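S.K.: Keeping their order, the protein sequence lines are chains A and B. Residue numbers for the first sequence follow the working numbering, so the first one is 343 and each next one is one higher. Residue numbers for the second sequence follow the working numbering, so the first one is 400 and each next one is one higher.
Hints may contain errors.
[What the hints assert, rightly or not] Pairs of lysine-lysine, PhoX-like flavour, derived with a Cα cap of 25 angstroms:
(1) Lys573/A <-> Lys473/B
(2) Lys441/A <-> Lys409/A
(3) Lys567/A <-> Lys600/A
(4) Lys529/A <-> Lys409/A
(5) Lys495/B <-> Lys409/A
(6) Lys455/B <-> Lys573/A
(7) Lys567/A <-> Lys455/B
(8) Lys531/B <-> Lys544/A
[Said to hold, decoys possible] Pulled a few chain B residues facing chain A out of the computed Cβ check, cut under 7 angstroms:
(9) Met449
(10) Gly476
(11) Gly514
[What the hints assert, rightly or not] Chain A stretches covered by chain B per the calculated footprint, using a threshold of three residues with CB under 8 angstroms from any CB of chain B:
(12) 360-372
(13) 415-427
(14) 446-460
(15) 469-482
(16) 554-560
Because the hints were derived from the structure by calculation, they are not lab data. Everything numeric in this text was worked out from a predicted model, so none of it was measured. From the three backbone atoms N, C-alpha and C, an ideal C-beta is built for every residue, glycine too.
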Amino acid sequence: MEENEKLITRSDLLKTIGQSVILIGVGAGGYAAWSNVTSKIAKKTTKRTATGYPASPWYAMAIDIEKCIGCGSCVQACSVENDVPEGHFRTWIERYVIKEDGSVDISSPDGGIHGFPEVSDENVTRAFFVPKLCNHCDDSPCTQVCPVGATFETSDGVVMVDYDWCVGCRYCIQACPYGSRFWNEKKRTADKCTLCYHRIKKGQVPACVEVCPTGARIFGDISDKESPVAKFVRENATNVMKPHLKTGAKVQYKGLSKEVV
Amino acid sequence: MAPQVVRIAIVFLVVICLFLGVRSQAVPKGFGEDGFHRIQAPQMIASRAMSHAGRKACAECHEDKFKVTPHVQKGVGCETCHGPALAHAQNFETIKPKVPSTRADCTRCHARLVGRPDWFPQIDPNQHNPGKRCMECHEIHPSE
Chain A
343 MEENEKLITR SDLLKTIGQS VILIGVGAGG YAAWSNVTSK IAKKTTKRTA
393 TGYPASPWYA MAIDIEKCIG CGSCVQACSV ENDVPEGHFR TWIERYVIKE
443 DGSVDISSPD GGIHGFPEVS DENVTRAFFV PKLCNHCDDS PCTQVCPVGA
493 TFETSDGVVM VDYDWCVGCR YCIQACPYGS RFWNEKKRTA DKCTLCYHRI
543 KKGQVPACVE VCPTGARIFG DISDKESPVA KFVRENATNV MKPHLKTGAK
593 VQYKGLSKEV V
Chain B
400 MAPQVVRIAI VFLVVICLFL GVRSQAVPKG FGEDGFHRIQ APQMIASRAM
450 SHAGRKACAE CHEDKFKVTP HVQKGVGCET CHGPALAHAQ NFETIKPKVP
500 STRADCTRCH ARLVGRPDWF PQIDPNQHNP GKRCMECHEI HPSE
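Looking at chain A on its own, in the form it has when it is part of the complex (with noise of 0.2 angstroms):
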């Protein structure tokens, strides 16, 4: 009798074999279907094609800080393009004003939108206008931290808010290195700048580019060697914002003074 009680008996060894299968196989198949959908992420941001970008097309912009005239257009262009609210900037401009004891005055009263007051240019060593706007990271700090992936970068290097998913937990405002996002108040989201992305598909140019006066904002396919920015980045010394963040900025700056921040 006693011996009979700790030997197993052949229907007991049955159960615990058809149970521990039974258990694999549901770990396995959780795991299976885990991987599946962290695969699907991690997918985009591991390959590059032969034009050494991820994609093509790869829209860029690029600005040419010594042809902005900070006349306020590409602001106010993009406020009406994209109904952006009072107050609040999708683009704006900024201006640089260095002093001869090596002061640096910085502005940009309501972005730019209405230009610039008139100032003394006593004791004025240097001054320029920076435009400003999403850089379109492709590494991007506010991608990384939306908890829903209503922030995400598209398959053609954009950056964007999906309106209808946002939830509106405001991270990716705090995550910005470039104070590039707000709160939209009409929509109750997170907004930026979309370059235009209702434009740039059908063909057309950002509303700050068709309206630029003189060229200072220079927008296209960078992975195309014939495209606009291409070129401009490649027969100019160009460099983005921020560089030692490794953000993978796609807006390129000609003539980026060490002021600018």
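Based on the hints, put chain B in the right spot on chain A.
M.R.: Chain B in isolation, oriented as in the chain A frame:
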């Protein structure tokens, strides 16, 4: 297998199944197939209506103006001065774009200003025929 192990396994199974069930309902179809976002989002944003027509649309009717306008030859688009004009392009008989006429319309770009690069033509509005309309001397669209 001990009964308590079987019971905990059943609890785990139920929780996992519940999670997968909720997940399949909460995650929209196609999510993650083109990056970590709803697959239809780019298309939805791309389908928005425009308000600037672009200079190619202007040239379809106003090619004559293109040939004689110095601004255009220097690369300035029509909508820089005339404002967004897609509504006009689609309905040109009833909707007319803005016609700039004041000094401020010109000085927005051409007033002397700290920060404006030297190569760009600038005037001092207080010295340069104050009070006079720019168009009295400067023809914007010269007729040949």
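S.K.: Decide, hint by hint, whether the structure agrees.
M.R.: Tested hints:
1. A threshold of 25 angstroms between alpha carbons decides the hint, and for lysine 573/A with lysine 473/B the separation of about 19 angstroms falls inside it, so the pair holds.
2. Between lysine 441/A and lysine 409/A the CA atoms are separated by roughly 21 angstroms; this keeps the pair inside 25 angstroms, and the hint holds.
3. Between lysine 567/A and lysine 600/A, the direct Cα distance comes to roughly 29 angstroms. Violation of the 25 angstroms bound is thereby established for this hinted pair.
4. Of the supplied pair hints, the one linking lysine 529/A and lysine 409/A is violated, its CA atoms being roughly 35 angstroms apart against a limit of 25 angstroms.
5. Taking the CA atoms of lysine 495/B and lysine 409/A, the gap is near 31 angstroms; set against the 25 angstroms cutoff, the hint is violated.
6. With a C-alpha separation of about 22 angstroms, the suggested pair lysine 455/B and lysine 573/A falls inside the 25 angstroms cut-off, and the hint holds.
7. Between lysine 567/A and lysine 455/B the alpha-carbon distance is near 23 angstroms, which keeps this suggested pair within the 25 angstroms criterion.
8. Distance check on the hinted pair: lysine 531/B and lysine 544/A sit about 42 angstroms apart at the alpha-carbon level, beyond 25 angstroms; violated.
9. Given hint, methionine 449/B at the interface with chain A, holds; its Cβ is 6 angstroms from that chain's nearest Cβ, closer than 7 angstroms.
10. Restraint check, glycine 476/B versus chain A: the minimum CB separation of about 5 angstroms is within 7 angstroms; hint holds.
11. Proximity of glycine 514/B to chain A holds as hinted, the smallest CB-CB distance being about 4 angstroms (cut-off 7 angstroms).
12. By the rule of at least three residues with a Cβ nearer than 8 angstroms to a Cβ of chain B, the coverage given for the stretch 360-372 of chain A holds, with 4 such residues.
13. Interface restraint, the stretch 415-427 of chain A with chain B: holds (4 residues with C-beta to C-beta distance below 8 angstroms; minimum three).
14. Coverage of the stretch 446-460 of chain A by chain B holds. Counting CB-CB distances below 8 angstroms, 3 residues qualify, and the rule asks for three or more.
15. Counting residues of the stretch 469-482 of chain A whose CB lies closer than 8 angstroms to any CB of chain B gives 3, so the stated coverage by that chain holds, three being the minimum.
16. Under the rule that three or more residues need a Cβ within less than 8 angstroms of chain B, the assignment of the stretch 554-560 of chain A holds, with 4 such residues.
Checked against the numbered hints above, the structure violates hints 3, 4, 5, 8; every other hint is satisfied.
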